Amino acid sequence: MRVSRFLPLLAFSMLAALLYKGLSIDPTELPAARLGQPFPEFIKIDLKSGREITTDAMMRRPALVNVWATWCYSCRLEHPYLLRLAQQGVPIYGLNYKDDPDKALGWLEQLGDPYQLNIVDIEGSLGLDLGVYGAPETYVIGADGRILHRHVGVLDETVFSRDFSRWFPNKASVSGGAIDEGSG
Amino acid sequence: MIPELGHVALIIAFMLASGLAVLPMWGSARRDVAMMNLAPTLAVGVMLFVALAFAFLATSFLQDDFTVAVVAANSNSLLPPIFKFSALWGNHEGSLLLWVLILSGWMTAVAFFSRGLPLVMVARVLSVMGMIAVGFLAFSLLTSNPFERLLPTTPLDGNDLNPLLQDPGLIIHPPLLYMGYVGLSVPFAFAIAALIGGRLDASWARWSRPWTNVAWGFLSLGIMLGSWWAYYELGWGGWWFWDPVENASFMPWLMGTALVHSLAVTEKRGVFRSWTVLLAIFAFSLSLLGTFLVRSGVLTSVHAFASDPERGLFILIFLALVVGASLLLYALRAPAVASRVSYGPVSRESLLMINNLVFTVAATVVLLGTLFPLVMDAFSLGKYSVGPPYFNAVFVPLMALVTPFMTVAPLSRWREDSAARWLHELVVPAIGVGVIAAASSFMGQQGFNIWIGLAVLLAGWVSLGVVKDFLRRVKGKGQGPFRWRALSPSFIGMSLAHLGFAAVVLGAVVVTQENQERDLRMAVGDSEELGGYRFELKRLGQLAGPNYVAEQAVFEVSRAGELLAVLVPEKRRYLASGQVMTEAAIDASLWRDLYIALGEPIGEGAWAVRLQYKPLVRWLWLGALMIGLGAIVTVFDRRYRAQAQTRSMIEHGVVGLAS
Chain L
1 MRVSRFLPLL
11 AFSMLAALLY
21 KGLSIDPTEL
31 PAARLGQPFP
41 EFIKIDLKSG
51 REITTDAMMR
61 RPALVNVWAT
71 WCYSCRLEHP
81 YLLRLAQQGV
91 PIYGLNYKDD
101 PDKALGWLEQ
111 LGDPYQLNIV
121 DIEGSLGLDL
131 GVYGAPETYV
141 IGADGRILHR
151 HVGVLDETVF
161 SRDFSRWFPN
171 KASVSGGAID
181 EGSG
Chain C
1 MIPELGHVAL
11 IIAFMLASGL
21 AVLPMWGSAR
31 RDVAMMNLAP
41 TLAVGVMLFV
51 ALAFAFLATS
61 FLQDDFTVAV
71 VAANSNSLLP
81 PIFKFSALWG
91 NHEGSLLLWV
101 LILSGWMTAV
111 AFFSRGLPLV
121 MVARVLSVMG
131 MIAVGFLAFS
141 LLTSNPFERL
151 LPTTPLDGND
161 LNPLLQDPGL
171 IIHPPLLYMG
181 YVGLSVPFAF
191 AIAALIGGRL
201 DASWARWSRP
211 WTNVAWGFLS
221 LGIMLGSWWA
231 YYELGWGGWW
241 FWDPVENASF
251 MPWLMGTALV
261 HSLAVTEKRG
271 VFRSWTVLLA
281 IFAFSLSLLG
291 TFLVRSGVLT
301 SVHAFASDPE
311 RGLFILIFLA
321 LVVGASLLLY
331 ALRAPAVASR
341 VSYGPVSRES
351 LLMINNLVFT
361 VAATVVLLGT
371 LFPLVMDAFS
381 LGKYSVGPPY
391 FNAVFVPLMA
401 LVTPFMTVAP
411 LSRWREDSAA
421 RWLHELVVPA
431 IGVGVIAAAS
441 SFMGQQGFNI
451 WIGLAVLLAG
461 WVSLGVVKDF
471 LRRVKGKGQG
481 PFRWRALSPS
491 FIGMSLAHLG
501 FAAVVLGAVV
511 VTQENQERDL
521 RMAVGDSEEL
531 GGYRFELKRL
541 GQLAGPNYVA
551 EQAVFEVSRA
561 GELLAVLVPE
571 KRRYLASGQV
581 MTEAAIDASL
591 WRDLYIALGE
601 PIGEGAWAVR
611 LQYKPLVRWL
621 WLGALMIGLG
631 AIVTVFDRRY
641 RAQAQTRSMI
651 EHGVVGLAS
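Line order of the protein sequences matches chains L and C. Mapping the first sequence onto this note's numbering, position 26 (from 1) lands on 26, and the numbers just tick up by one. Mapping the second sequence onto this note's numbering, position 571 (from 1) lands on 571, and the numbers just tick up by one.
No wet-lab data here; the hints were simulated from the structure. Just so you know, these numbers come straight off a predicted model, no measurement behind them. Each residue gets a CB set at the ideal place from its N, CA and C atoms; glycine is no exception. Take the hints with a grain of salt, since some may be wrong.
With the Cβ distance kept under 8 Å, some of the chain L side facing chain C (calculated, not the full set) [said to hold, decoys possible]:
id, residue
1, F6
2, F12
3, A16
4, L18
5, G22
6, W71
7, R76
8, G106
9, E109
10, Q110
11, R166
12, W167
Starting from the given sequences, assemble the full structure and let the hints guide the process.
The structure is reproduced here in structure tokens:
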């Protein structure tokens with residue numbers, strides 16, 4: 001019997017411990033420290049206008065910040081719903097995460113543009129400050145620029161009316177109506 | 001009544017599986033022939049009762065019995081019957097039942113085709129598979145009962161199947177994929193049985209080889225179908241996303257690729273034995289890990305099933321038991337003495353070792369990339385996502401590295417060969433391939449492209465090896481069709497798979513490099529040129545499907561004034577869920593696909609439209625099809641069914657048992 005024969009077992013034990021730890025973590029959960037904190041400071045370029053924008057551009061009223069990219073295909077599933085929300089008057093800021101701006105522009109042209117403006121985050125530095133897990137992700141920020149809520153994964157009517165509607169009260173009833181119409 | 005009958009059938013299957021897990025194994029330890037003889041009967045029994053449970057659940061789906069929770073959550077009365085049936089495995093509970101059904105199917109196949117094997121081997125193999133079945137049946141019964149009722153609050157109609165899954169590709173993709181995933185339990189069970197018996201030899205490798213090839217072949221086909229489905233159904237034209245769930249099926253495939261080749265060395269030469277056993281354990285462990293990742297919710301993915309921590313914990317404990325026990329057994333029982341058979345540094349053994357190293361490393365880097373977000377999260381280092389850039393950066397060079405050896409390996413000699421001989425045989429054709437490759441790097445529509453040249457070089461080089469090998473084998477075997485008899489199914493299968501690999505390489509590189517796409521606004525009467533084709537939007541229309549309404553756009557595609565195809569992309573809205581889906585329209589051919597997807601209506605009768613020209617994209621799936629079929633063809637090789645030989649092995653086995 002040789003000690004090296006136990007190496008696979010050892011490696012697997014470490015993996016199993018990691019997976020066990022993974023079970024107790026919710027990957028969709030915002031690190032508690034960031035809730036209630038101000039949205040990270042940034043100076044970036046707006047996708048469509050090419051202008052420089054800073055954190056101040058997103059203040060004044062409760063809004064959604066949607067993390068998206070053309071390489072993310074769940075974003076594509078989510079997109080029609082964002083358009084609907086935008087039509088209902090919910091302000092949405094885009095964070096175009098680790099993406100190619102040309103492709104991103106083509107996407108907005110083809111699928112429609114629900115965003116007030118789009119922060120171009122090519123290297124993902126803002127995403128890192130924000131603690132982005134992957135795309136899509138949607139944050140609620142308050143009128144004072146604080147992060148109020150985070151949702152990881154596709155945003156749809158069910159999620160919106162459950163977790164988001166309290167910040168957008170009159171919009172919720174519209175989207176709630178849409179659910180009834182859909183399932184009825 | 002029907003769901004309850006299904007539940008009872010599942011419980012009986014669980015009890016039979018428990019018997020299978022314990023009795024034959026115990027019998028093999030006590031040398032009790034009667035107990036060992038129970039194994040095949042119990043295996044068939046498990047299969048029958050799982051199939052019964054499956055049939056009852058299918059009946060509930062087809063009869064729209066919305067008192068059953070999974071039916072209410074995943075089906076709808078408007079759904080076409082075929083999708084009502086496939087909705088069965090479009091959810092966690094039902095797909096788990098399919099998993100167990102396929103596992104019991106493999107057990108039955110082993111029981112049926114292994115009559116020539118030593119009884120003790122059959123008993124142990126089936127018993128190990130019985131243990132796996134016990135785990136998954138318990139998982140189903142305790143945490144994910146598919147027959148749970150929604151009483152008394154029964155909905156009038158169901159929630160509907162996710163429109164993405166309402167597609168013919170998704171009817172057969174999961175069963176094929178599971179055939180592969182679960183099929184890897186057979187080489188695993190053979191490896192464990194061999195470790196228990198202490199007999200890791202060429203005959204063990206020969207017994208498990210056909211099973212491994214078939215399982216790996218099905219896995220290839222399953223992955224291919226998934227990729228193809230994503231391509232046409234997601235309306236985007238992408239064919240691989242490095243999504244955690246895709247990776248979950250790809251890791252066992254990569255490890256399985258190493259295993260398939262390593263088994264060849266062990267069978268032919270008796271070397272790499274410990275390594276082969278380890279690969280067999282790893283390949284199935286990765287299957288189980290994939291199941292864990294998909295169903296536990298530790299990673300986020302669109303594919304992932306609705307999950308809860310309780311289920312995750314159950315699979316994790318099961319995973320720890322199965323893999324932990326296997327690796328402990330390996331540590332204690334793997335042959336400690338290095339094999340006496342030797343081989344030179346330049347030999348077929350060494351070349352296959354390179355294959356093994358590269359594919360094991362590839363599986364490991366995919367595993368690391370998939371688990372990296374989890375690792376960082378676990379150590380509170382932040383939350384990360386690993387995107388396609390990482391995977392492409394590590395995976396593509398690895399494949400480029402292994403490809404050159406694929407030509408030489410089938411032509412090389414076991415034990416001792418010389419590089420000078422390879423050079424002598426291959427230098428002239430290699431120059432030919434080089435010239436063609438150099439020329440083809442100028443052939444794209446967008447001018448010179450070095451990557452196309454490299455892809456043609458690699459693919460041509462692999463094909464060259466296959467052709468060389470073919471010529472060598474038919475040489476001097478007479479004239480006419482009789483010469484073909486000299487080709488064994490093993491050789492045909494291997495060549496087909498290697499050519500398929502070359503096709504995948506070529507297709508992947510060409511479509512990535514030469515893809516042309518344009519997003520634009522089009523109204524009736526507008527036309528656009530792309531890739532030498534003219535796309536004209538002729539008219540818009542509406543259509544009512546069985547459970548959706550759709551907007552249609554009719555395009556005429558022409559080249560040099562000649563009408564080639566009429567393509568009708570759709571935008572569907574599904575009635576039950578209100579979900580909007582893009583149905584792309586594709587004109588497919590061997591050399592290129594033309595792909596049209598509708599975006600959003602943007603006013604004044606105009607639509608946002610995406611046009612794509614995708615050269616050689618079919619080669620990806622055609623290649624993967626060749627890989628899968630090639631693997632499956634090999635089992636028709638005569639040496640796997642030589643009766644006289646197995647007879648002597650039975651005696652050998654009995655001797656082995658007594659000693």
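* Close enough to count: is the Cβ of R166/L nearer than 8 Å to one in chain C? -> 23 Å, violated
* **Evaluation of the interface hint that places Q110/L against chain C, nearest CB under 8 Å** => 4 Å, holds
* To do: Report holds or violated for the interface hint on A16/L, using the least CB-CB distance to chain C and a cut-off of 8 Å.
  => Result: holds, 5 Å to nearest chain C Cβ.
* Have a go at the W167/L hint: is there a Cβ in chain C nearer than 8 Å to its own Cβ? => For W167/L, the interface hint is violated, since the closest Cβ of chain C sits about 23 Å away, which is over 8 Å.
* To do: Would you check whether E109/L satisfies its interface hint, that is, whether its CB is within less than 8 Å of any CB in chain C?
  => 5 Å, holds
* When the nearest CB of chain C is found for G106/L, is that gap smaller than 8 Å? -> Interface hint status for G106/L: holds (4 Å vs cutoff 8 Å).
* To do: Return the status of the interface hint for G22/L: holds when the least beta-carbon distance to chain C is below 8 Å, violated otherwise.
  => 4 Å, holds
* Would the hint on F12/L stand, with a C-beta cut-off of 8 Å toward chain C? -> Cβ of F12/L sits 6 Å from chain C, so the hint holds.
* Does the interface hint hold: is R76/L within less than 8 Å of chain C, judged Cβ to Cβ? -> It holds, given that the least Cβ distance between R76/L and chain C is near 6 Å, below 8 Å.
* Minimum beta-carbon distance criterion (8 Å), W71/L to chain C -> It holds, given that the least Cβ distance between W71/L and chain C is near 6 Å, below 8 Å.
* Asked: Does the interface hint hold: is L18/L within less than 8 Å of chain C, judged Cβ to Cβ?
  -> 6 Å, holds
* Evaluation of the interface hint that places F6/L against chain C, nearest CB under 8 Å -> Holds, about 5 Å.
This entry does not satisfy hints 11, 12, going by the numbered hints stated previously.
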